[in-house]
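Q: Spelled out, the chains give:
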Amino acid sequence: MTGPRKVVIIGYGMAGARLADEIRRRDRDAERVELTVLGEEPHRAYNRVLLSSVLAGSLRTDAVTLHRADWAAGHSVDLRLDTSVHRIDRERREVLLDGGEAVGYDALVLATGSRPLIPPTDGLLAEDGTPAPGVLTFRTLDDCERILAGLRPGAPVAVLGGGLLGLEAARGLAGRGSRVTVVHPVGHLMERQLDPAGGGVLARRLGELGIEFKLNTKAMRYLPGDGLKLDDGGHVPAELVVVSAGVRPETALASTAGIDVDGGIVVDTALRTSDSRVHAIGDCARFPGTPAGLVQPAWEQAAVLADLLTGTDVSARYRGTPVVTRLKARDVDVASLGEVHTAADDPEAEVLCLTDPTRGHYVKLVIRDERVAGAIVLGAPDAAASVTQFYDRGMPVPADRLALLLGRSLPMASASASPADLPASAVICRCNSVSKGQLVNAWLQGARGVSGLAEATRASTGCGGCRDVVDGLASWLVNTA
Amino acid sequence: MTTTERTPVAAPATSAPHQPAGGVNTHCPYCALQCGMTVTGKQVAPREFPTNRGGLCQKGWTSGALLDSAARLTTPLMRTGGQLRPASWDTALDHVAAKITGIQREYGPDGVAVFGGGGLTNEKAYLLGKFARVALRTSQVDYNGRFCMSSAAAAGMRAFGLDRGLPFPVTDLDEADAVLLVGANPAETMPPFMRHLDPSGLIVIDPRRTATAEQASLHLQPAPGTDLALALGILHSVVADGFLDQSYVDERTAGFEDVWRIVARWWPEHVERVTGVSAAEQRRAGAMLATARNAYLLTGRGTEQHATGADTVTAWINLALALGLPGRRGSGFGCITGQGNGQGGREHGQKADQLPGYRKIDDPAAREHVAGVWGVHPADLPGPGRSAYELLDALGEQAGPRGLLVFGSNVVVSAPHSAHVTDRLDALDMLVVADIVLSETAQRADVVLPITQWAEEEGTLTNLEGRILHRRRALAPPDGVRTDLEVLHALAGLLGQPPERFPSDPETVFAELGAASAGGPADYSGVNYPRLRAGEALHWPVPAGSDGTPRMFLDRFAHPDGRARFVPVEHVGPAESPDDDYPLRATTGRVLAHYQSGAQTRLVSELMRAVPESFVEVHPDTAARAGLCDGARATVASRRGTVCVTVRCVPSMRPDVLFLPFHFPGEQSANLLTNPALDPTSRMPEFKVCAARLEAA
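Listed in order, the protein sequences are those of chains V and X.
Using this note's numbering, read the first sequence as starting at 1 and increasing by one per residue.
Using this note's numbering, read the second sequence as starting at 1 and increasing by one per residue.
Hints listed in this document are in silico derivations from the structure and should not be mistaken for laboratory results.
Given the structure is predicted, the values throughout are model-derived calculations rather than measurements.
Possibly wrong hints are sitting among the right ones.
Among the chain V residues that face chain X by a calculated CB cut under 7 Å, a handful are [what the hints assert, rightly or not]:
#1 388
#2 395
#3 432
#4 463
#5 467
#6 468
Stretches of chain V that chain X covers, calculated by requiring three or more beta carbons in the stretch to come under 8 Å of a beta carbon on chain X [stated by the list, open to error]:
#7 48-56
#8 60-66
#9 300-311
For glycine and all other residues, C-beta sits at the position ideal for the given N, C-alpha and C.
Can you build the whole structure from these sequences, using the hints too?
A: Here it is in structure tokens:
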């Protein structure tokens with residue numbers, strides 16, 4: 001190929017921005033790739049993962065921007081914000097913008113993300129198909145700002161959907177003083193990531209933080225200014241309804257262009273669609289076994305695709321991402337990974353469970369072939385971290401399964417055990433390699449008190465940390481000898 | 001403590017004739033804490049001094065044994081017929097000078113290289129650098145401090161415009177509510193340092209549950225090589241939890257926005273996956289530091305000795321800046337220097353890119369000043385040379401040095417990928433080693449020069465807090481040995497230098513060092529022996545007439561605009577990854593009973609009884625999977641070499657990590673395994689993580 005390859009990325013969200021970063025990291029001076037990025041929103045790309053922190057009030061909206069204002073110019077990127085794509089002309093290899101302009105490409109990347117689903121509850125949508133007054137989705141920075149603008153301290157808010165994002169929103173809003181009720185059509189929360197017992201422990205924990213739940217219940221009707229009428233006859237007061245009822249991959253451009261779509265734009269290990277010049281990454285893409293809606297797969301796909309598009313590593317392939325789901329909510333710790341619905345009596349797997357709902361603990365481990373195949377870890381951050389390490393690194397699990405279930409080994413007891421119980425070989429002063437036996441001998445030879453024992457053996461003359469133990473030993477010797 | 005001025009355990013000391021009653025006050029021969037001690041006869045005892053508060057570890061207590069070790073060299077050795085045989089000083093030095101001249105005639109000035117050490121006194125480090133640049137006119141000079149402090153030094157320079165290990169006195173730590181130690185294990189490496197730390201506010205980051213970690217109230221245990229990500233995660237939590245010190249960031253720093261753009265991508269749950277440290281613990285560490293009235297963040301070799309060491313330290317500095325710690329009285333950022341004179345050793349010109357006073361060798365003004373002091377033309381000073389590992393790697397190669405002079409270093413044991421380094425040493429036309437004993441490096445030399453050691457000579461060192469200390473001579477050296485200064489003086493003379501240009505009297509050398517450093521970042525020109533003998537606490541910079549600088553950066557940082565720099569850094573991970581053949585990660589470190597390559601401590605029978613040999617620490621499950629139990633013999637292999645050591649099962653180890661101390665030679669030498677991948681900025685090798693395999697021996 002002569003001259004740089006013309007790459008056009010449709011979408012300037014987390015996936016598109018990351019791909020642009022990865023391409024420029026490999027091709028700083030735009031020698032191999034001429035890059036155009038088309039963004040639909042008027043904002044620069046921002047970190048969607050942090051929106052729940054913005055909603056919770058811990059981050060300002062300007063803290064989530066991914067790029068500086070001068071990023072595009074400084075990185076030889078033709079960035080066009082507020083730009084909608086009308087359609088893709090695959091024959092002419094052009095992207096046609098809403099304004100009529102055509103942008104040619106050698107390789108096209110769809111990073112169009114996903115769109116929130118609005119449940120078919122009466123009254124949620126206005127006549128023109130947009131959300132009714134008081135109804136807000138939770139997907140974009142604008143959504144976030146609209147929710148914050150509509151909040152009144154102490155006023156009731158309903159969250160439709162008890163999945164990951166819905167619960168993060170609920171926790172953030174409760175933390176800001178709203179009275180939050182989560183309405184969820186399934187019998188337990190986060191049903192994709194949790195089993196019923198785990199969902200129950202989570203609901204109890206969130207309940208302690210002031211969030212109410214209506215589970216196994218659908219909202220039938222929304223009345224602005226009043227709230228939601230439920231299908232079990234109940235009523236949820238709400239000045240604001242935050243909809244977080246799942247997303248749908250944004251595939252319209254692809255399907256209109258005749259590219260294969262099956263619950264997402266279908267891609268292979270080279271992240272190619274059914275048209276080998278068109279790629280897709282992130283939420284809009286469908287790769288077998290990799291769930292959408294999480295950023296980790298998008299980032300890994302961006303790295304692989306950047307290798308391919310810049311020619312840095314033409315053999316790079318995407319093999320899927322083992323997903324670990326973490327709920328980002330203050331004072332609530334949830335991790336879910338791999339297979340979580342395996343029953344405890346599954347003969348093929350080793351399943352361990354620890355339930356302590358009173359204290360908000362629930363740990364379930366699914367072990368196959370000595371490896372972690374799945375886990376749910378609630379309220380046990382240390383266990384979550386170590387279980388994830390075993391899962392991600394494919395390490396054989398410890399022989400002591402309970403240690404894993406309980407988190408890493410607890411801090412060792414300090415040397416406060418009775419001196420009488422220590423063996424003679426126990427090292428009391430590490431700084432000077434002095435054992436209990438040596439201290440006892442020194443005492444027998446006439447050394448008394450900490451200073452006498454120190455003088456005779458040097459114990460406690462290093463870091464000084466064992467002084468209390470030496471003191472205890474001296475008293476014990478006085479009392480027992 | 002009541003142990004001061006007493007001499008326990010051993011028989012009554014026989015004082016050397018010139019020793020005053022009660023002994024001679026000096027400092028320990030080992031680490032950078034430079035504990036105050038008294039030498040009486042050949043016995044040592046701790047004394048009250050601010051850094052050690054009257055404490056001393058087993059190494060210090062037993063250091064007197066070095067003074068009458070049977071292994072002590074007292075005559076030069078020359079290799080003839082493949083054997084090292086005794087020779088006279090004249091014969092040995094004449095031979096060295098002739099070889100230097102011959103090699104340089106054939107290969108040019110850079111045909112001969114010099115390798116120094118962080119244990120050398122300021123006077124030796126200074127004169128060695130001058131010897132290289134003036135007598136040898138070689139650019140090929142570096143030192144083992146490259147393996148110690150270089151990453152922290154590079155990061156400190158970048159952030160603050162100047163690097164001093166601790167820019168505040170150690171005793172300031174006493175008042176801290178929170179101290180974060182990253183990759184530092186002072187409970188073993190400098191035990192009396194722990195007297196300054198309050199366990200209730202102590203946070204330790206270390207892949208192992210070290211003796212230090214056991215004393216901490218919070219221990220974060222990341223996978224080796226993931227510290228940078230952990231720093232990003234804690235910084236993220238600091239910002240997200242509302243702890244950013246915005247007014248400090250606005251008034252005293254620059255560059256936060258670009259750092260945040262990276263940190264924003266490293267939220268704690270994401271970092272948890274990379275490091276294994278739970279998001280909750282990251283937040284707790286951030287909150288402990290942020291809510292403390294006084295807080296310090298200190299780094300050690302564990303986080304610095306990586307191919308990304310400079311960036312990793314930078315990430316910790318970024319965290320400290322976000323919390324508003326550096327340059328604020330009662331708080332701060334620092335690096336815990338390792339070797340006895342690791343601080344002074346890096347300031348006086350034995351580093352490939354530096355001239356005395358911590359000046360850059362490629363700065364024309366610096367060259368002119370130093371050349372003026374030395375009485376040579378600036379254009380005659382060589383430029384920057386190879387860094388330590390690159391220098392060792394080039395020995396005997398086509399374009400590399402053919403002769404090497406080693407002072408105060410045992411590279412056969414302490415350099416990474418040590419089998420390769422040994423091969424390079426063996427390829428030299430001439431290897432000269434000056435040492436007190438026949439170290440593993442000296443054993444390969446063509447000429448070995450026996451020299452004095454700490455209590456037998458006078459000199460200054462600069463401790464971990466930048467305080468210049470005077471080490472007195474406590475007793476006469478054995479017959480037949482010379483000081484390093486005398487060796488350099490004699491060699492320079494044989495190479496045609498005027499004798500007064502290389503004085504052998506330490507006080508004279510120190511005065512010249514002061515003049516050479518005047519006006520430089522590490523200015524010693526206001527220091528002199530009488531002030532030090534009088535016990536003045538002088539922390540550099542000490543310009544003429546000044547009382548020194550115990551606390552740096554209180555008003556401004558050393559960049560022209562006075563602001564500290566946030567520098568954006570990204571986590572990339574270790575230079576090599578585990579695979580099916582090498583599924584584990586090995587890391588290296590130290591034990592209390594030994595120091596550096598062990599060349600000194602392995603001579604002390606009491607220390608050898610405490611830790612007689614190397615070992616590999618491993619989780620019991622990992623050992624069992626390899627068919628090993630506690631006490632078994634195992635081989636540990638990396639892509640570069642294999643060691644044979646004893647298994648120690650340690651339940652607190654991460655199951656994917658092996659730990660080996662590096663103090664031992666031969667088949668136990670941990671540096672046979674280590675990865676010489678270098679940091680692009682500091683040229684630090686990756687000592688702290690490599691892919692490895694554990695098997696039954």
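Q: Which hints, by number, does the structure contradict?
A: 5, 6 and 9
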